[in-house]
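S.K.: Each chain is listed here by its residues.
Number of protein chains: 2
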Amino acid sequence: MTSAIDIMNTLGKQAKISAVSLRMADTNKKNQALTLAANRFREDMADILAASAKDMDNAEKNNLEPALKDRLALNEERVEAMAQGLEEVAALPDPVGAISDLVYRPSGIQVGHMRVPLGVIGIIYESRPNVTADAAALCLKSGNACILRGGSEAIHSNRAVAKCLRFAIKEAGLDENVVQLIDSTDRALVGALITAKDYVDVIIPRGGPSLIKRISAEANVPVIKHLDGICHVYIDKAADREMAVAIALNAKTHRYGVCNAMETLLVHQGAVDCLPEIIQQLLDKGVEVRGCARTQAMNDAVIAATDEDWATEYLAPVLSIRVVDDVQQAIAHIEQYSSAHTETIVTKDYATGQMFLRQVDSASVMWNASTRFADGFEYGLGAEIGISTDRLHVRGPVGLEGLTTQKWIVLGNGEVRS
Amino acid sequence: MTSAIDIMNTLGKQAKISAVSLRMADTNKKNQALTLAANRFREDMADILAASAKDMDNAEKNNLEPALKDRLALNEERVEAMAQGLEEVAALPDPVGAISDLVYRPSGIQVGHMRVPLGVIGIIYESRPNVTADAAALCLKSGNACILRGGSEAIHSNRAVAKCLRFAIKEAGLDENVVQLIDSTDRALVGALITAKDYVDVIIPRGGPSLIKRISAEANVPVIKHLDGICHVYIDKAADREMAVAIALNAKTHRYGVCNAMETLLVHQGAVDCLPEIIQQLLDKGVEVRGCARTQAMNDAVIAATDEDWATEYLAPVLSIRVVDDVQQAIAHIEQYSSAHTETIVTKDYATGQMFLRQVDSASVMWNASTRFADGFEYGLGAEIGISTDRLHVRGPVGLEGLTTQKWIVLGNGEVRS
Numbered sequence: 001m002t003s004a005i006d007i008m009n010t011l012g013k014q015a016k017i018s019a020v021s022l023r024m025a026d027t028n029k030k031n032q033a034l035t036l037a038a039n040r041f042r043e044d045m046a047d048i049l050a051a052s053a054k055d056m057d058n059a060e061k062n063n064l065e066p067a068l069k070d071r072l073a074l075n076e077e078r079v080e081a082m083a084q085g086l087e088e089v090a091a092l093p094d095p096v097g098a099i100s101d102l103v104y105r106p107s108g109i110q111v112g113h114m115r116v117p118l119g120v121i122g123i124i125y126e127s128r129p130n131v132t133a134d135a136a137a138l139c140l141k142s143g144n145a146c147i148l149r150g151g152s153e154a155i156h157s158n159r160a161v162a163k164c165l166r167f168a169i170k171e172a173g174l175d176e177n178v179v180q181l182i183d184s185t186d187r188a189l190v191g192a193l194i195t196a197k198d199y200v201d202v203i204i205p206r207g208g209p210s211l212i213k214r215i216s217a218e219a220n221v222p223v224i225k226h227l228d229g230i231c232h233v234y235i236d237k238a239a240d241r242e243m244a245v246a247i248a249l250n251a252k253t254h255r256y257g258v259c260n261a262m263e264t265l266l267v268h269q270g271a272v273d274c275l276p277e278i279i280q281q282l283l284d285k286g287v288e289v290r291g292c293a294r295t296q297a298m299n300d301a302v303i304a305a306t307d308e309d310w311a312t313e314y315l316a317p318v319l320s321i322r323v324v325d326d327v328q329q330a331i332a333h334i335e336q337y338s339s340a341h342t343e344t345i346v347t348k349d350y351a352t353g354q355m356f357l358r359q360v361d362s363a364s365v366m367w368n369a370s371t372r373f374a375d376g377f378e379y380g381l382g383a384e385i386g387i388s389t390d391r392l393h394v395r396g397p398v399g400l401e402g403l404t405t406q407k408w409i410v411l412g413n414g415e416v417r418s
Numbered sequence: 001m002t003s004a005i006d007i008m009n010t011l012g013k014q015a016k017i018s019a020v021s022l023r024m025a026d027t028n029k030k031n032q033a034l035t036l037a038a039n040r041f042r043e044d045m046a047d048i049l050a051a052s053a054k055d056m057d058n059a060e061k062n063n064l065e066p067a068l069k070d071r072l073a074l075n076e077e078r079v080e081a082m083a084q085g086l087e088e089v090a091a092l093p094d095p096v097g098a099i100s101d102l103v104y105r106p107s108g109i110q111v112g113h114m115r116v117p118l119g120v121i122g123i124i125y126e127s128r129p130n131v132t133a134d135a136a137a138l139c140l141k142s143g144n145a146c147i148l149r150g151g152s153e154a155i156h157s158n159r160a161v162a163k164c165l166r167f168a169i170k171e172a173g174l175d176e177n178v179v180q181l182i183d184s185t186d187r188a189l190v191g192a193l194i195t196a197k198d199y200v201d202v203i204i205p206r207g208g209p210s211l212i213k214r215i216s217a218e219a220n221v222p223v224i225k226h227l228d229g230i231c232h233v234y235i236d237k238a239a240d241r242e243m244a245v246a247i248a249l250n251a252k253t254h255r256y257g258v259c260n261a262m263e264t265l266l267v268h269q270g271a272v273d274c275l276p277e278i279i280q281q282l283l284d285k286g287v288e289v290r291g292c293a294r295t296q297a298m299n300d301a302v303i304a305a306t307d308e309d310w311a312t313e314y315l316a317p318v319l320s321i322r323v324v325d326d327v328q329q330a331i332a333h334i335e336q337y338s339s340a341h342t343e344t345i346v347t348k349d350y351a352t353g354q355m356f357l358r359q360v361d362s363a364s365v366m367w368n369a370s371t372r373f374a375d376g377f378e379y380g381l382g383a384e385i386g387i388s389t390d391r392l393h394v395r396g397p398v399g400l401e402g403l404t405t406q407k408w409i410v411l412g413n414g415e416v417r418s
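Chains as they are written, first to last, in the working numbering: chain H, 1 to 418; chain C, 1 to 418.
There is no bait here: all hints are sound.
Ranges of calculated distance between the beta carbons of each label pair, as one might list FRET restraints:
id : chain 1 : residue 1 : chain 2 : residue 2 : range
1  : C       : N62       : H       : D326      : 56 to 66 angstroms
2  : C       : Q84       : H       : N9        : 49 to 59 angstroms
3  : H       : A316      : C       : A332      : 52 to 62 angstroms
Straight-line alpha carbon distances no greater than 25 angstroms define the calculated DSS-like cross-link-like pairs of lysine-lysine that follow:
id : chain 1 : residue 1 : chain 2 : residue 2
4  : H       : K197      : C       : K225
5  : C       : K197      : H       : K225
6  : C       : K213      : C       : K225
Taking beta-carbon pairs under 7 angstroms as the criterion, some of the chain C residues facing chain H (in silico):
id : residue
7  : D201
8  : M243
9  : A363
10 : V365
11 : G380
12 : R391
13 : H393
FYI, nobody ran anything at the bench for these hints, they're computed from the structure. A virtual CB, placed ideally from N, CA and C, is assigned to each residue, including glycine.
Hey, can you work out the whole structure from these sequences and the hints?
M.R.: So, in structure tokens, the structure goes:
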């Protein structure tokens, strides 16, 4: 039997070779591959749906949770959405090769940066087979080879999707190994992928906290990851009350299961007058409200919040509220409990807003806007492969540029050091 | 006895607290701390030299190599140079807080980036006590707290230098814990530092390959590192011959022991006419020349190069030369053997130069300039803490900006997601 390491070495070598050719591929060819793959999805619809049916049968046999089954399922509409996703990535500007900051230095040389692909990206994900298409498209467009490892429950769907992608990539005249799916459900391959330092430049995990924790702990390849989204809204004393109510409600109730939803509301003691309305509207929408003593005093339906609440990402219709003495206490609370994803302040006061913007150290810091805007599309990235709460390389929504790096370029006329 | 982990936890907590205050410190205060420290070095000259004398005594007893002793030694001139180094960093622009790319999005929000410190940086280095001052200054100016771990042979000098720095930082009204020296020669502390994920955001090792390999293998904190500098000069068929000779000689002989010195010269078969002169001038300067068969045919003094030569960073008056069929073979040679530090092409041909610039995937890629320019000062960074041959976060010379990251900022007027 071939060992996980042997399989990974083969995939890794193929990825590395393909990455060298992809690095130089012109934008038209990459776009052509994406467009051809989109068409292929439509042409092979029956095959993809048949593969999905096998996964769904197994899901049935294995008593998968309904929520997981919903994520796993492919239908005509979802395959069409995958195809359109590829076409949207094809329409995005190509970041590779862009030269910036080219300046003359006293020595006479010109020095600047050129944007280049990272190399080989390993993507580890669960359930949703559309990630196979989305992630591969973003890697391809940004000039990176990828090695994809989907969940075992989606193996048939992922195979069918990857087959279309590779077919189209070859048709466009590129090396089909720029997209490789780990065609095995052996868990040892995850371990082999996240330690394949010689072949893989970065790992991007997409999935639940347990998957991401395991990968972070065991990987020796750099990881771009996002653990929790414990996002805060702070309503300042000088907040426009109507705006504060609107932002707080939107940040919590627009969607509950997303990482950029608010999990804790902080309210200046001088702005508690807006709390009764916020709490009532939340309760009307079926949100469970937990709060500090001062919040509880506002409404009998408010449950006492514990220390654990401040550190919890509910991803559910639950909100914790704390009344704070001032903006400094709000910032200190965020410093202690935030997952450094996204925080927002609502205030009309210039100095307070500036202070919050400067002092809060999260991937996204907002002023008078809903945390729900922390998103690759809303930020203008066109698409995102994930949201990074790490500090190095890339923070916040990761789009095509986040999948690239820069090299220095020097243009001279025979200059030498003296 | 306090364990290494306990010591690191104490240092780590102190660093993290100090980093929060330093993140917000204004530029004047940081500059004041640097200027006061420079003066302190001059005032405490006698103490610093006395500390250094202790290190030199121990070095004598331990039979340290002369080269190491030279690196270790402090004298009035070197202390003055350290002081001036701090003043130069004080004079550099502060990268922290700079806002860029702020644009309006269709939703009405403005989205942009703000440059912020990385947090806590661990620096591990050998011998040279001036690194204590240089590294601390760059971290301080870029708003990062640092934990410094110097070589045990320099412990007295490092202590004296760190004492001056901390005194001046406190004098300037900042938290002195923004600079902490690990005041112990226990090797277990290196292990504790590079795995202190809760406190340290990035590790920067500065030293020989064995130190860096050990740290890369054992760290679970991200590492910004630079292993070898196997730099290439490629002389194209269309090279200006006079320029080619000048660049090849400068890249090899300007300084031998530096990472941006050329280690392999590649010459197009149609440009071998410039080889006799290059080889003769190298030999005249006492450089040992090794080469492929076609190079050996040029001069009897050329020794046969082995495969190992192409993969060796000599850091010495030795050069390997290979004649290649064309630019593609040169690029393939670089792809196989380069350490991805710096490569240069000498050519008058536009298309060939552009191709080299695009295809070669090193931290610095040059056209008609000596590899010796790969340097923070030459690139305009003002100072450098090292040169990264990694791909993520920062590549090539790392200056103040490389010690920072960016957060997203969003400015709104009450916008919510619909």
